[in-house]
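Following the hints, complete the assembly by docking chain B onto the known chain A.
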Amino acid sequence: MTSNLVLAVTIGGLFACGIYLMLSRNLIRVLLGFLLAGHAVNLLLLSSGTGGVAPIVGEAKNGEPVADPIPQALILTSIVIGLAVSTFLLAMAYRNYQVTREPEIADDLEDSEYAGSDPSGGDE
Amino acid sequence: MTWLLPLAVILPLAGAGVTLVASRRPRVQRVISVGAVTAQLLVELTMLLQVTANGPMVMHVGGWTAPFGITLVADELAAFMLVVSSIVALTVLVYAISQGMADESETPETPVSIFHPTFLILATGVTNAFLAGDLFNLFVSFEILLTASYVLLTIGGTRERLRAGAPYVVVSLLSSLIFLAAIAMIYAATGTVNMADLSVKLPQVAPGIVATLQAMLLVAFGVKAAVFPMSAWLPDSYPSAPAPATAVFAGLLTKVGIYAIIRVQTLLFPPGSFGTLLMLAALATMMVGILGAIAQSGIKRILSFTLVSHIGYMLFGVALASQTGLGAAIYYVAHHILVQAALFLGAGMIERVAGTTVLARVGGLAAAAPVLAILFFVPAMNLAGVPPLSGFLGKVGLFEAGVEDGRVLALILVAGGALTSLLTLYAIVRVWGRAFWRPVPEVTGLEDESDALQTESGRPLAVRRRAQREAQARVASAEAARLPIGMVGATTAIVAVGLLMTVAAGPIYALADQAAGNLVDRSGYVDAVLDSGVPPPGATGSKNTGAGASVLPTDGAGSSSDAGSAADSGGGEVSTSEAGEASTAGLGSTAGSTAGSGPGGGP
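Here the protein sequences come in this chain order: A and B.
So in our numbering, spot 68 of the first sequence is number 58, and the numbers just go up one at a time.
So in our numbering, spot 369 of the second sequence is number 382, and the numbers just go up one at a time.
Do not rely on the hints blindly, as some may be mistaken.
What the hints assert, rightly or not - On the chain B side, residues computed to face chain A include the following (Cβ under 10 Å):
1. V182
2. L190
3. I191
4. I196
5. Y200
Said to hold, decoys possible - Far from chain B by the CB rule (all over 10 Å, computed), these chain A residues:
6. V(-1)
7. I18
8. V47
9. N52
10. L80
As the list claims (entries may be wrong) - Distance windows between CB atoms, simulated:
11. A:P93 with B:A228: 34 to 42 Å
12. B:P284 with A:V(-1): 33 to 41 Å
13. A:P55 with B:G285: 34 to 42 Å
14. B:R420 with A:L13: 33 to 41 Å
Everything labelled a hint here was simulated from the structure, so no lab data went into it.
Remember, it's a predicted structure, so these values are computed and weren't measured experimentally.
For every residue, glycine included, the Cβ atom is placed at its ideal position computed from N, Cα and C.
In isolation and in its complexed conformation, chain A is listed as follows (with noise of 0.2 Å):
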């Protein structure tokens, strides 16, 4: 099998965009990086396939390459999800927004007590 450079090329830029986005804190740029990596899945979904003819409508001369509706099926499960998602993380983006009225997570205060000399604190 062939591969396609320019896929693989994309796959990868996009797969270091969005992992990179996702380290923030920032969760619009969560959100952002999640986009992209999971358009880098997609593609590379996309790519498991054969190329060809649409399938099974019955289009195919004899002896014409049919495309693999297999990984279509799987991308288009799999935007679904990536849409749901991008849902939640959209509602709570503008929930922490609400809440500390800043872009970004906050501090843990716990974890801000267990770096200075009292570790006492514990749940909540």
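This is chain B only, laid out in the frame that chain A set:
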């Protein structure tokens, strides 16, 4: 009887839909969600009986046969896990209803009406994950249960929960992306995502590629299961969730990860591959987890760390890859689901009685709430593995399997497991001794304390109410210690089921061992799913000439791996045990005819 399989998934999903519609009627919501989970439990018990008697049950959803469509499969392992998880889901649900989490909010803005639908969707995801017969369906179930868990973890949307939820969400998203990428690569390499089909086809792929795929899957599942290098998110996020949510997460979510590891390790990949790495990870998980637990000062955090630690035991059993090791691991998973959930429910009641779970501030609970003391003591001792209880039996099983294995690393793990068990005893006795036995701690005046708490959690109202509760607990009057009957009842039920694991240890352990035997054997599962062991020629032919061209010769030469030979030997007429159901009979016959032409046209 294969209609039982989708029913177990549909019941909670339909329940979720109905409870969402009935969001303004809490009473209806309660009845429906308890009813749905109870019905699910009954379905799963029937399924377990059927499976132990007749072998794996298979359902091809929509009539698309095995390698192409969505397949639901229940073998002994899946059915057993389903029953245990539904028991936990049911008790936690009753507990949550009784606690009032589902009805009245801690903060005025909390959209509480979503608790029941979300919880039922979580149950749907867990059920679907156990029944999934292909990797992509497993991925979808993971997403279902994870999305539900994001909502449950951040329910109420308070500052602290958002802070704790964000790392959990990001880590889970990342592991999902890795999982999906692994699925894409597996499809590229083999042309299928069906696990039974993969079991036949993966031995034909070059070993280096298989190892890459296996590593990706193990990382993805390792994050979910909180295996050591990927475990840091768990003790950070779990303690801040409400007690019932933590209990159900601790009981089910990590175990779904372990289940996925067991499934792919036994079904897809060569037996015992990555064994050394898994054993090292198991040892590190045990030790790091339990040392973390000893260093903590809050009950929920201690429990979260022991949860991480005990994942190591299960991973140890999986790494051994022998029937005894897997059997002990399966028994241990069931034991740990029940015990850890019971402990988190107990911690929730401690928080309710004492107003806090910070060890420095609680005390004298044995006098204030004797019932709670017993309900916490029994699973605590069970977790630590004190002799007659099921934790002890599971650990003994694992140690026996380790000694039987005989490798030096396995023996080191046996020693590490014994040490972890003792340290667990220390950590958990420290909790019990401080919270229950010692006299009420002398703390500064109530005013100061409530101020301190206020800055800590940023929730003045709830904290003040909690401080009042705390004051009542100080007085240690029976009045203050009165817990809702549902909370006590639910915890009692789950502790009792945990004890049942001890009392009925013989049959349950035999069931786990039988499940492990079928995992090691593989052929029963593969035959049941594929009808006949011969892969249908359609998609695979073109795939092999494409991606798998370089690996075909090894297949033609006869693969030496026992997986391949086992599947081949099972390929004959063994599949008569598979019940041909009415719905799949038509397609089954066509698949049979195409499969029949396979050997002639294939190699």
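Exercise. Which of the listed hints are broken here?
Worked result: Structure breaks no hint.
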